[in-house]
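S.K.: The primary structure of each chain is shown beneath.
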Amino acid sequence: MKLAIKLAYKNLIGAGLRTWLNVIVLSFSFVMIIAAKGILVGWDRQAKKDMNEWEIGGGQYWNVNYDPYDAFTLNDAHSAIPSQFSNEIERGDMVPVLITQGTIYPEGRMQSILIKGIDPEQILLKLPTSKLDTAVGAIPAIIGSNMARVNKLNKGDYVTIRWRDTNGTFDATEVFIADIFTTNVPTVDLAQVWVPLDSLQSMLLMPGEATILTFRDAVSQRSEEKNWKLMTYKTLVSDIEGMIKTKSVAQSIFYTILLILALLAIFDTQVLSIFRRQKEIGTYIALGYTRKEVVMLFTVEGAMHAVFAAVVGAIYGIPLLMWFARKGISLGQSSSDYGFAIANIMYPVYSGTLIIGTTLVVLLATTIVSYWPSRRIAKMNPTEALRGKLQ
Amino acid sequence: MNDNFIIITEKLTKRFPMGKGEFTALKGIDLTLDVGEFTGLIGPSGSGKTTLLNIIGSLDTPSDGEAIVMGKSIGKLSAREAAKLRKEKLGFIFQSYNLLQVHTVFENVEFPLLLLDFTGNERRKMVMDALEWVGLIDKIKQKPPQLSGGECQRVAIARAMVKKPSLVLADEPTANLDAANSHNILQTMAKLNEDLRTTFLFATHDEKVIGYLKRKIYLKDGLVDKIETA
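Line by line, the protein sequences give chains A and B. Read in order, the letters of the first sequence are residues 19 to 409 in our numbering. Read in order, the letters of the second sequence are residues 79 to 308 in our numbering.
Read the hints as simulated data drawn from the structure, not as lab findings. As the structure is a computational prediction, the values presented were derived from the model and not from experiment. C-beta: ideal position from N, C-alpha, C; glycine also. It is possible that some hints are incorrect.
[As the list claims (entries may be wrong)] Straight-line C-alpha distance at most 27 Å; calculated DSS-like pairs for lysine-lysine:
(1) A:K24 to A:K265
(2) B:K165 to B:K203
(3) A:K28 to B:K154
(4) B:K154 to A:K297
[Said to hold, decoys possible] If you anchor each label on the Cβ, the simulated ranges turn out as follows:
(5) B:Q220 to A:I363: 50 to 60 Å
(6) A:S369 to B:P95: 50 to 60 Å
(7) B:E159 to A:M340: 24 to 34 Å
(8) B:K150 to A:T274: 43 to 53 Å
For reference, chain A alone in the conformation it holds in the complex:
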């Protein structure tokens, strides 16, 4: 094997430009696959981190009637906060949120919104709820930057909101936009107004009630409570995981095509080599190689393209990917419209597993396409090969 590697190296270097063209094409696939996968890994991490910090914490209890995809459930999606959570809430390790449907009237227009009540003193979520302590004539509210942009609202504006209380009675009031926050999590931003929990409980006539209880600790085992459904961290991020998985499959098709193009060049080189180098093959056999050993030599030679490609890819890929990882990839303003947690600037993450995994996949694929045409050598007649006669 050592000799095969040594010979293969020598033969590849000796082949000159042909080798380097193949290597460059293959290295391009290498870098592209790692870059593209790195973006997905980075997105996955960033999305989960943002969701954890802004919305779901370590997990949530949902009122059994609550369905975030069905606004009609909100009328019934509330119940008293269980007393056993009092200490946890007191310590700041759990945050109750009350949610109701409402309407906002910015500049005379109307838009359906969710009105969410949250404790202004909470520090579990990154929402700037301390601004809800602002003492003004109206109820203080905070909104996300995308909500502000869509409704042309600014910090310090007053705007009317309308809701129905627990008895079905419509009521309306003015809220004061105390702060506008920027987040990558649209589910706490778009079409939502955050007000103090106490105020919303009074507005809805639901004292001591909530729709969601977000807790900090994702590790400890929790049990279901009466009227409350436990939503673990894993369950809450399953949507984003599913979406990334779908994206990953789509992306796999793209880089499989890229890889096939590169491998096609190597396959072609191998086929050509076997025809052009028949005398050499015959000579190896005459000097004491078995045909199987010559097949191995040619396979190693083909597979070595992948090793060279890894080295060449590393030369230009490492600085390029490091630059991407540091600077990130801008998705522009439109990223807020995706409807799921995605940052305007995505920072790719290149893990050891990703790099080693990609290297092994490319090496294995290259070995297979190198072996495939090389099998022909096993059927060659050495005396014909020595004379360089096409068979």
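We have chain A; now place chain B onto it with these hints.
M.R.: Chain B only, in chain A's frame:
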């Protein structure tokens, strides 16, 4: 059977498929070769000399009869055993040199030793000795495309001789060389035959080669026509 015979062939026959029928290249050759001979198979194209050389070199197998080389029946050897025989005991010299083009002269000559268990120092010494025999010490770093035809053939001789094989098979070794180079090559081989007692078997129809042979086996239409001893 005489133990001194390095090659024995008995009723050696070789048939090749040709269209729907067969072509018989060797029609029952009976031959023996002693250790240290400098012998040639002589005949026109199609007489079967290269086919006979290939079978003796375990690159091909007989259709019928037997070819025994250094006590081993070629027809009964597995691919691995045949490769072992070529690797350890045989040296080949070809008409078109068959050097590895991307390797230097040194590496070409070293190649057969890499297949055997020699240390780096041993290999270096053996390669330098072989290159000294053929007078190419000053060309060790050059590659075949930088050498003349005569130099290439001398590299091929060095490669065939470097492991000091028992038998060297040379197929038309001077066919691509001019007269001066041919004589030079043949003198080198004759000297190695004298000094190392290596058996040489040529396949040739070149008069220059024939002049150097100690025994001449004439083949005609796949049969031994006559044998002449100098």
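S.K.: Run every hint past the structure and note whether it holds.
M.R.: Hint check:
no.: 1; hint: A:K24 to A:K265; verdict: violated, 42 Å
no.: 2; hint: B:K165 to B:K203; verdict: holds, 19 Å
no.: 3; hint: A:K28 to B:K154; verdict: violated, 35 Å
no.: 4; hint: B:K154 to A:K297; verdict: holds, 26 Å
no.: 5; hint: B:Q220 to A:I363: 50 to 60 Å; verdict: holds, 57 Å
no.: 6; hint: A:S369 to B:P95: 50 to 60 Å; verdict: holds, 58 Å
no.: 7; hint: B:E159 to A:M340: 24 to 34 Å; verdict: violated, 55 Å
no.: 8; hint: B:K150 to A:T274: 43 to 53 Å; verdict: holds, 51 Å
Going through the hint list in order, the structure does not satisfy hints 1, 3 and 7.
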